[in-house]
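Q: Heads up: the protein sequence lines correspond to chains H and D, in order.
Quick note, the first sequence lines up with residues 0 to 411 if you use numbering that gives the first Met the number 0.
Quick note, the second sequence lines up with residues 0 to 411 if you use numbering that gives the first Met the number 0.
Calculated directly from the structure, the hints in this document are not laboratory data.
Hints may be right or wrong, so weigh each one.
As the list claims (entries may be wrong) - To give an idea of the interface, some chain H residues facing chain D are shown, with a C-beta separation under 7 Å as derived from the structure: (1) Val-59; (2) Ser-69; (3) Ala-107; (4) Pro-109; (5) His-110.
Claimed, not checked - Which stretches of chain H does chain D cover? Using the computed rule of at least three CB atoms under 8 Å from a CB of chain D, they are: (6) 87-100; (7) 120-130.
By construction, the Cβ of each residue, glycine as well, lies at the ideal position given by its N, Cα and C atoms.
Spelled out, the chains give:
2 protein chains.
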Amino acid sequence: MPVTPAPAERLQRYAQLAVRVGANVQPGQEVFLRADLEHAPIAEAIAEEAYRAGAFRVTVEFQDARVRRSALEHAPLEALTSAPEWMLARLRELDEAGAALISLTGNADPHAFDGLPAERVSAVPLNLAQESRRVTLGGRVTWTILAAPNPGWAGAVFGEPDVERLWAAVGVAMRLDEDDVVAAWREQHRKLSGRAGALTALGLDAVRYRGEGTDLTVGLVPGCVWTGGGLTRDDGLTYMPNLPTEEVFTSPDRSRADGTIRLTRPLVMPRAGAVVEGLVVEFAGGRIVDVTADSGVDLVRAELDTDEGARSLGEVSLVDGSSRVRAAGVVFHDTLFDENAGCHVAWGQAFPFAVAGGMDKSSEQLAALGLNTSSVHTDVVVGGPGVDVDGILPDGGVVPIIVDDRWAPEFA
Amino acid sequence: MPVTPAPAERLQRYAQLAVRVGANVQPGQEVFLRADLEHAPIAEAIAEEAYRAGAFRVTVEFQDARVRRSALEHAPLEALTSAPEWMLARLRELDEAGAALISLTGNADPHAFDGLPAERVSAVPLNLAQESRRVTLGGRVTWTILAAPNPGWAGAVFGEPDVERLWAAVGVAMRLDEDDVVAAWREQHRKLSGRAGALTALGLDAVRYRGEGTDLTVGLVPGCVWTGGGLTRDDGLTYMPNLPTEEVFTSPDRSRADGTIRLTRPLVMPRAGAVVEGLVVEFAGGRIVDVTADSGVDLVRAELDTDEGARSLGEVSLVDGSSRVRAAGVVFHDTLFDENAGCHVAWGQAFPFAVAGGMDKSSEQLAALGLNTSSVHTDVVVGGPGVDVDGILPDGGVVPIIVDDRWAPEFA
C-alpha cells in the first residue's frame with residue numbers, strides 16, 4: 000500500500016486535483032462550487048486553490064440537509080419541482096462566462112430524509128435540471144464532480160465515523176499518494192482517452208462480458224463513440240468531469256442485450272442507503288426480464304418499474320484490475336467511486352455523446368439512433384478476476400479487449 | 000434575573016422571534032436567509048419555523064469567512080467591488096415577490112481578515128449595495144437582522160468561547176425568557192412606535208442630552224419623523240428590522256450640534272475588533288472638532304477622516320434604563336445590541352425615513368433638507384443613570400423626555 004500523505008498535504012493535493020485537473024481552472028475564470036455544509040474545510044481549500052490558479056471569482060453555494068428536510072416536509076410541491084428564475088439566470092450567466100463548475104459529493108447523512116414520502120424526496124426542479132443538463136453538455140463550461148470525505152460518509156462505509164480511514168481509502172483511489180498528483184491524473188487521462196479512441200476506431204457491433212455467472216452480449220449503435228478520461232470544451236480545453244475515473248465507456252443500443260450478469264460487488268441503492276448483495280440480472284431483447292438477489296431485491300425491482308426505459312441499458316463500461324478504486328479495497332457507498340472498481344453496465348439513461356454530434360441532437364433523435372431514455376441510471380459492477388470482455392466486429396470477428404481482468408496488450 | 004430557558008426551547012423562541020416578529024413571514028411568502036457557516040443550527044431552526052409559518056420557499060445563503068479571506072487575498076479588485084448580474088437579479092426577484100429577508104450577524108471570527116490590506120477588506124460590490132438599499136427601503140419586502148450566538152462571538156465578548164454564557168445574555172436582551180416571546184415583542188413594538196409617534200407630533204426643533212461630562216444640543220430638521228419598534232411595508236404589514244430594539248430615533252440636521260459627550264459605555268470598533276474606552280467627543284457647528292479617549296482614540300480619528308460626512312451626526316436616539324440590553328449587563332461587541340444599552344448618537348450616514356416621504360427622495364434632496372451622508376455610521380452610547388434628555392420646541396419651550404434615565408410619564 001502506498002504511504003498516505005499527512006492531512007494538510009493530502010487536502011492540498013485534493014484541492015489541486017479538483018482545480019488543476021478536474022475543472023482545469025484558467026486565469027480570469029469564474030468558478031462556481033457546490034458543497035454540503037459538512038464539506039466546508041475541503042470547499043475552502045478548493046476555493047483557495049482556484050484563486051491561486053487565477054480565478055476571477057469563486058462562488059461557493061452550501062447545501063444544508065436539515066433545511067432541505069424542512070422544505071421536503073412543509074413546502075408546497077410546486078416549490079420543490081421548480082427553481083426560482085434567478086437560479087436559471089445564474090446558470091446561464093456561468094455558461095456564457097465559460098465558468099468552471101465544481102460539485103462535491105460525499106453524503107454526510109444517508110438518513111437525512113428518512114420517513115419522508117418518496118415522491119417528495121425525489122422531487123427535482125425540472126426547469127433547473129433541464130438548464131443544468133444543457134449547460135454541462137453545451138461545451139462552454141468545464142465541470143467536475145468529486146467526493147469530500149466527512150464523518151457521516153465514513154459512518155456509512157465503516158459503521159463508525161472513522162474519517163481518517165475513509166481519507167486513506169479515498170487517497171488511494173484518487174492517487175493522493177503521488178507526489179505530483181496533477182501529472183499522475185494527466186497520465187491517466189492520456190491512457191483512458193487513448194483506449195477510448197482505439198475502441199471507437201474499431202467500429203464494434205457489440206461487446207460480450209464473460210465471467211462466473213455472467214455471459215451478456217450487448218449491441219452497440221452504428222458509429223458509437225467511446226469516452227475515457229476527460230471531456231473537451233468547444234475551445235479545446237480538457238477537463239475531467241468525474242474524479243476518480245478508471246473507465247472507458249459508451250451507451251449501447253437499448254434494444255440489444257441478451258444474457259445474464261452476476262454482480263461481483265454489492266450494489267448500494269443511493270437513495271435508500273441500502274445494500275443489495277448477490278444480484279443476478281437476466282436480459283432478453285434489450286430488456287431486464289428477471290432479477291434475483293440474496294438481499295434487497297425489492298429495491299431493485301421498484302427502481303426497474305420507474306419508467307419505460309429503466310429496464311434497458313444506458314451504459315457499457317470497461318475497467319480492469321489495475322483500478323485504483325479496486326486497490327482501495329472498500330465499498331465506498333458512492334457511485335463515483337464504486338462503479339470504477341471494475342467493468343460495469345448501467346440500466347437507465349444513456350449519454351448523448353455516445354454518438355458523434357450527439358450533444359446537438361434532440362432526445363427524440365438520440366432515441367431514434369437506439370440510445371435509451373430514463374429518469375434513472377444505476378451502475379452495476381460485473382468485472383473482477385477471471386472476467387473477459389470481447390469486442391464483436393460487424394463481420395462477426397472477435398477482438399479480445401479485457402482478458403482475465405486486464406486490458407489486452409493493444410489497449411494497455 | 001429571569002430564568003434562562005433550556006437550549007431547545009430558547010432556540011425555538013429565537014426562531015419564532017425571527018420569523019413571526021422580525022420578518023413577519025406570511026403564508027406563501029418567499030424567504031431569503033443569509034447566515035455564516037457558524038450560524039447553521041440557528042439558520043436551520045429559522046428555516047423550519049418559516050416553513051411552519053407557511054413560507055413557499057426558504058433559500059439559505061451561507062457565507063464562509065475562509066473563502067472570503069481567499070477572495071480578499073487573491074481576487075482582482077474588480078471582483079470585490081462588483082457583484083455578478085444574477086445576484087442583482089435575485090434581489091430584484093425577491094423584491095418583486097415581496098419576500099422576507101432575514102440576516103444573521105454574530106461575528107464568529109473577528110480576526111478572520113487580520114493582516115490583509117484595509118482597502119481590500121472594506122471593498123464592497125457597489126452595484127449590489129445600491130440595489131440592496133433600494134430593496135430594503137422600497138416598501139415591498141420585510142426584513143430583519145438578528146445575531147446568532149456562536150463560540151467565536153462568545154470569545155470576543157468573554158475572552159473564552161463560552162457560548163452558554165453568551166446565550167444567557169442574548170436571552171435576556173431578546174426576551175427569550177418570556178413564555179410568549181412573540182406577544183412580548185409585539186408589546187415592545189406598540190410601546191416604541193407609540194413613543195415615536197408622540198415625539199414626531201411634538202415638532203421638536205432640537206434635543207439636548209445632559210449627564211456627567213455630557214451636554215450636547217442637536218438641531219432637528221423641520222418635519223422630522225421619529226421611528227421606533229418596527230417598519231411598515233407599503234401594504235401595511237409591519238416588521239421589525241432590528242432585533243433586539245429598545246430605541247426611538249431619528250436623523251438630525253447635520254449642521255447643528257454643539258457641546259460635548261462623554262461615552263457611558265466602551266465603543267467597539269467593529270472592523271478592528273478594538274475597544275475604545277473613555278471616549279469624549281466635542282462638537283461645534285454640527286461637526287466633531289475634537290476627540291480624546293483613554294485608549295483607542297487613533298481608530299476613532301482615522302474613521303472621522305473617512306469622508307466629508309463622517310464628522311457630522313446621522314442619528315439621535317433615545318433609550319431608557321428599562322432596556323433589556325442594559326439588563327443583560329455585558330458589552331456584546333455587536334452594535335445591534337450595544338447601541339440599545341442607552342441613549343446614543345451616531346456620526347455618519349442618516350436615515351432617509353427621518354423626513355416624511357424620504358424613501359422617495361434622492362440623496363441630493365435628503366442632503367438639501369439637512370440630512371447627513373457618509374460611508375460610515377457609528378453609534379456611541381451616552382445614556383445611563385443620571386442622564387436627562389430634553390426636547391426643545393421651536394418657541395424655546397423645553398419638554399422633558401428622559402428624566403434620570405427613565406422616559407417621562409407622558410411617553411412611558
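Q: Evaluate each hint against the coordinates.
A: Here is what the structure says about each hint:
At a threshold of 7 Å, the smallest CB-CB gap from H/Val-59 to chain D is about 5 Å, leaving the interface hint in force. A cut of 7 Å between beta carbons decides the hint on H/Ser-69: the least distance to chain D is about 4 Å, and the hint holds. For the restraint placing H/Ala-107 at the interface with chain D, the shortest Cβ-Cβ distance is roughly 12 Å, beyond the 7 Å limit, so the hint is violated. With a least beta-carbon distance of about 18 Å to chain D, the hint placing H/Pro-109 at the interface is violated under the 7 Å criterion.
Annotation: H/His-110 was flagged as interfacial toward chain D, and the flag is violated, the nearest CB pair being 16 Å apart, outside 7 Å. With a threshold of 8 Å between beta carbons, the proposed coverage of the segment 87-100 of chain H by chain D holds, since 3 of its residues qualify and at least three are required. Chain D is given as covering the segment 120-130 of chain H, and this is violated because 0 residues of the stretch bring a CB closer than 8 Å to a CB of that chain, at least three being needed.
Of the numbered hints stated above, those contradicted by the structure are hints 3, 4, 5 and 7, listed in ascending order.
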